[in-house]
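The residues making up each chain are set out below.
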Amino acid sequence: EAGVTQSPTHLIKTRGQQATLRCSPISGHTSVYWYQQALGLGLQFLLWYDEGEERNRGNFPPRFSGRQFPNYSSELNVNALELEDSALYLCASSPRTGGRYNEQFFGPGTRLTVL
Amino acid sequence: SQQGEEDPQALSIQEGENATMNCSYKTSINNLQWYRQNSGRGLVHLILIRSNEREKHSGRLRVTLDTSKKSSSLLITASRAADTASYFCTTVGNAGNMLTFGGGTRLMVKP
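So the sequence lines, in the order shown, correspond to chains A and B.
Residues in the first sequence are numbered consecutively from 1, following the numbering used here.
Residues in the second sequence are numbered consecutively from 1, following the numbering used here.
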């Protein structure tokens with residue numbers, strides 16, 4: 001069974017540009033989560049999508065947004081990129097079993113570098 | 001503030017030794033999970049322990065949970081060089097499903 005996949009692996013942008021990161025969850029998983037791992041800041045929760053809807057978002061500005069498609073894949077968009085947006089962006093998915101959420105399975109990440 | 005805080009921040013041991021990492025958290029939880037991250041790559045799920053469980057085993061891993069002390073420990077027995085990684089504990093509260101992470105424990109296993 002394929003795991004969570006993310007694309008691209010690496011992304012280099014300049015300040016002010018927009019970045020789009022993509023994630024495909026494990027087959028059968030309906031929830032997708034996005035996390036940011038910036039140097040010195042640790043892993044921080046960004047966004048959670050389930051069944052096509054945004055369920056929760058972390059303490060990030062509105063220029064971080066995303067969506068979940070009918071096939072449960074997801075996009076993370078970062079507008080007006082700033083240097084401090086440089087980080088590893090991790091996507092995770094989880095199944096929804098009996099209404100209770102389970103462990104999250106992570107993809108390999110997209111490393112975004114903002115110059 | 002961080003929900004899960006690992007201790008120690010860094011640990012260096014010889015191959016074959018046991019490694020113990022601790023985690024403390026602040027609020028009530030639904031479950032607690034341990035993950036491993038190799039050198040800036042994706043996280044690998046190791047083990048999940050639910051709030052009504054006290055101990056769980058998986059291969060060379062043993063996890064304990066003490067909800068009265070709001071703490072957990074991860075024991076890796078007979079460590080190998082391949083165990084070198086950062087280890088994170090994360091919690092899922094009763095109010096939502098997003099994970100909160102501490103700073104992790106950086107484990108180095110010397111061959």
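Honestly, I wouldn't trust all of these hints.
[What the hints assert, rightly or not] A few chain B residues that face chain A, going by a derived Cβ cut-off under 8 Å, partial list only:
(1) Gly42
(2) His45
(3) Leu48
(4) Ala85
(5) Phe88
(6) Met98
[To be verified] Okay, the calculated beta carbon distance ranges per label pair:
(7) A:Asn59 - B:Arg60: 35 to 45 Å
(8) A:Gly28 - B:Asn52: 21 to 31 Å
(9) A:Gly42 - B:Ser58: 22 to 32 Å
(10) B:Thr64 - A:Ile12: 40 to 50 Å
(11) A:Gly42 - B:Gln14: 44 to 54 Å
(12) A:Thr14 - B:Thr64: 44 to 54 Å
(13) A:Gly42 - B:Arg54: 21 to 31 Å
(14) A:Thr14 - B:Glu17: 41 to 51 Å
(15) B:Glu55 - A:Lys13: 21 to 31 Å
(16) B:Thr20 - A:Gln17: 22 to 32 Å
These are computed hints drawn from the structure, not numbers from a lab.
Where is the CB? At the ideal position from N, CA and C, for every residue including glycine.
Handout entry: Hint check for B:Arg54 and A:Gly42 - Cβ pair distance inside 21 to 31 Å
Key = About 28 Å separates the Cβ atoms of A:Gly42 and B:Arg54, which means 21 to 31 Å holds.
Problem - Cβ separation of A:Gly28 and B:Asn52, checked against the hinted range 21 to 31 Å - result: holds, 26 Å
Practice task
Take the C-beta atom of B:Thr64 and the C-beta atom of A:Ile12, compute their distance, and say whether it sits inside 40 to 50 Å.
Solution key: With Cβ atoms ~44 Å apart, the hint holds.
Exercise for the section: Starting from the hint 35 to 45 Å, judge whether the C-beta atoms of A:Asn59 and B:Arg60 obey it. Expected result: At 37 Å between Cβs, range holds.
Problem - Residue hint B:Ala85, partner chain A, criterion CB-CB below 8 Å - result: Status violated, d = 13 Å.
Exercise for the section: Answer holds if the nearest beta-carbon of chain A is closer than 8 Å to that of B:Phe88; otherwise answer violated. Expected result: holds, 7 Å
Handout entry: Beta-carbon spacing of A:Thr14 to B:Thr64 - inside the hinted bounds 44 to 54 Å or not
Key = holds, 48 Å
Exercise for the section: Go ahead and decide if the range 44 to 54 Å is satisfied by the Cβ distance of A:Gly42 to B:Gln14. Expected result: Given range 44 to 54 Å: violated, Cβ gap about 28 Å.
Exercise for the section: Take the C-beta atom of A:Gly42 and the C-beta atom of B:Ser58, compute their distance, and say whether it sits inside 22 to 32 Å. Expected result: holds, 25 Å
Practice task
Using Cβ atoms only, decide whether B:Met98 comes closer than 8 Å to chain A, and label the hint accordingly.
Solution key: With Cβ-Cβ at 4 Å, under 8 Å, it holds.
Practice task
Grab the minimum C-beta distance from B:His45 to chain A and call the hint holds if it beats 8 Å, violated otherwise.
Solution key: It holds, given that the least Cβ distance between B:His45 and chain A is near 5 Å, below 8 Å.
Exercise for the section: Determine whether the Cβ-Cβ distance between A:Thr14 and B:Glu17 falls within the hinted range of 41 to 51 Å. Expected result: holds, 47 Å
Going through the hint list in order, the structure does not satisfy hints 4, 11, 15 and 16.
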